[in-house]
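**Student:** Order-wise, the sequence lines are chains W and F. So the first sequence is residues 9 to 637, counted in my numbering. So the second sequence is residues 33 to 325, counted in my numbering.
If you are wondering where the hints come from, they were derived from the structure by calculation, not from laboratory data. Glycine residues also receive a C-beta, built at the ideal position from the N, C-alpha and C atoms. Hints should not be assumed to be uniformly reliable.
In silico contact screen, one side only, chain W against chain F (beta carbon under 10 Å); selected entries [as the list claims (entries may be wrong)]: (1) R36; (2) T40; (3) V291.
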Amino acid sequence: MNLLSPAALWLAPVAAAIIALYLLKIKRRYETVPSLEFWRQLVSETQIRSLFRRLKRWLSLLLWLVIAACLLLAVGNPVFTSSAMKPQSIVVIIDNSASMQTIEEADGGRSRLELAKAAVGDILGQRPVSDEWLLIEASHQARVLHGFTRDKRAVLDTIDDVTPRTVRGDLQAAVALADQLLTDKDQPRILIVSDGAAGDVRKLAEADRRILHWPVGRSDDNLGITDINVRALHERSAHFVFLRITNASKADVEAQAVFEVDETTVKVEPLLVAGGEEWEKTVVIERAEGGVLRVSIDRADALLADNEAFAVLEPAEPSTVFLVSPPDESFFIEQALLAMQPLVDAETSQTLSLQEYEALGQLKNHADVVVFNNCVPETWPVGGGAVFINRRPHDIPARTTGHLANVRMDVTEPEHPLMRYLSFGSASIAAAERVEILQDAQVLARSADGDPLIFLYQRPERQALCLTFDVLETDLPFRTSFPLLLRNAVTFFTSQQKRWIGGHYVTHQVVESRRHVLPEIEEITVVRLTSAGSETETIPVTAGRFWFNGTGTPGVLRFEIGEDDAYCAINLNSGQESNIAPARPQQPAEDVLTLSRPIAGVVPWLAFAVAGGLLICTEWFTYHFRWTE
Amino acid sequence: MSDPLFDKDFLKKLDYLNLIAKRLVFGRQQALRQSTKKGASTEFKDFRNYVHGDEPRHIDWAVYARLDELVIKLFRQEEELDLWVLLDNSGSMNFGVPSKFDAVRRIAGALAYIGMCNMDSAGVLPFSTELSDGRSRMRGRRCIFDLLEFLTRLNSDGQTDLAHVARDFVSRVRRPGLVVVISDFYGLQNSQRAIDQLRFFKHQIYIIQSASPWEINPSIRGEMRLTDAESTEHCDLVVSDSMLRVYRRRFEEFHTQMRKYAMRYSIGYSLATSDVPFDEFILGVLQKGGLVA
């Protein structure tokens, strides 16, 4: 047996005091009486009973010693172990990611974070005072909340202040931080108090024997939106909304997804999600004027944070595209652009020769995208995007080192927005330039030998998609895909250049400006749009850029930049957090930590305190009823 | 500083008790307080034959004329009544809170005062193993101050030998009087023998048995060594509740036996517990009667 509070041993002299008091109690007292006449008679009559009475007094002493032992153990908070407990250095990683907001009805409607706090309190109370404790918060980033201390009260006070965050947690980072901090510590231990949704705790525990998982939570009833993505469908003045919903429970769940634009319901999608499965659907929302989209699941479950998601529907605005090409080589590309209506504004877009383009002067900047086919301007426009086919200006850091003949094209970045929906198959190119890229540029397609064939050059003020070959030198598979590549380029460049910020962020992601802010604008107003109203704050502009990190809550933000407005949606979007089914450790942490086990359903110190109290009552009654002396 | 044994308040209470005593006892019993002895009063009692040495003026000459026999007329003699207070001042009396000895000294003083005022004389004789001289045949209320001073200086010490004291008393006091014996009467058989001795000498007796509250209901428990206040002998014992219950029963029986003894021989009896004020006690005695026959 070990005492969690060895200081209680200082109370051991109480036993000696009891014995001393007992000896004083049984010490013969002297009394003078007028006559011994009656007392002498009584002595002879009660001598046998006196012996029995002495035994009863020893019983009284025994009772008091047991009471003293019970009280000592109650203060000492014992743990029954076969070996001595060594003081440990314990790093407590408390998970306060989104899944820890799950309400556990079976535990009195308390959240998992509250249960985690209570668990840490229990653990602290069931370990010796000689342990060293360090507290780390594991949300989107690991953060030390309290350095190593033996002051349990300080740790408990700190943990009381931990708040839940609607964010994907990063337990791995927290473990890495704990590992660093435990260097040179004796008896190191990492205790992860988590439901396991923030990371694969079991793998972490298997990789490092110092890691213990203290599971929190039992419920798995959750249907959560784990992905939402919006793509404008300009030709139909509509938006594609991709929605993914995950069912964390084992049972099939039926519900509805409600789509609201600017607080008006525009669509309701019935759902039937099998247990542990995902539901995905792309929904078309026809809203040419755009708006704020809120998607919600009309079902109350254990985790409410992922029951709604937001997106910004940008208004559909056609782009102006200039095609600069030798007249006899423009037909194919011109037809491709014409097929892109209404994405491309037919009235403002035009086909120009290089001379005509150079003569435009300032009007050059009216184009959102300029496609240069087999020609290169003296200067390419600042802002907007450009597509250079077969030729490119000198300020693009790429050098022609030779020629390629009959090369096959391999897409290296199939997930990039520019390459979306493209399938070149076995496209081959009769002739292309061998190009060496001198600075950073993203290669989207290469030859079989690795030479760049399509690459993206991006700078804050301009961006260009470069093709190192003539489209007319390609075969049919490429030519059929080329209009789609051109479309992706127009969509990509217009969306990139028009937006001040991205359209979608996950919680706690920093919103960073994509465009330079005019020098006269010194601060930006950020408005958080909620159903109850709006909250406003201002952020400074530094060197033409701004950063905003107040993205802890899902919702929609409006950035007021001078006379412009920019919207972005903040969402949790984490399948990991929505999968709230708690992970179970292979080995119970309480066994490894040798925590005290309950006696008759209560913690040992309380059991001993109750026993001591009962014995005191017993002693009182036996004394006052004269069963003991 | 403890209260003085006899203060002004005590004297006031004495006067009050004296008035009560006159009204309740001595006012109506004056006529009855007559001796059985024949004497020289005017009230005729009997005749007897003349013997040599008789006073010739007591011869009833009318009878001699009729019967030719010399007979003497006998008259009832009025006799003095003395009050004797035998006060136990042995070691056992100096016990209890309030002290038994203090209580009985006040009672003795009060009784003597009443005796001095209403009877022919009063005396207080302390005793332990021996009978002390004390104060005898005090007459008139002026003597009270001397008596109170004597009682104030009186100590309690030594053992009780009531039988010896009684023998000594009857040898000293031949004329029967009212004898008030104040003691705790431990050693009941000896005490009763001593009282019998007083009774045989025609003394009218009143017993005041003194006890302290502690003696009636002792507040001791556990391992004890009890020491006798008179003999300094000791007794080791473990006092328990059951033992105390037996003790209380025995002590009650002790008082009861004393009371029964007194009733059997028409002796006045009162139990004086030391926590009862003396005036209250005296009043009770006077109301109960039996102090003066």
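**Student:** Would you mind marking each hint as holding or not holding in the structure?
**Tutor:** Tested hints:
no., hint, verdict
1, R36, "holds, 4 Å"
2, T40, "holds, 5 Å"
3, V291, "violated, 91 Å"
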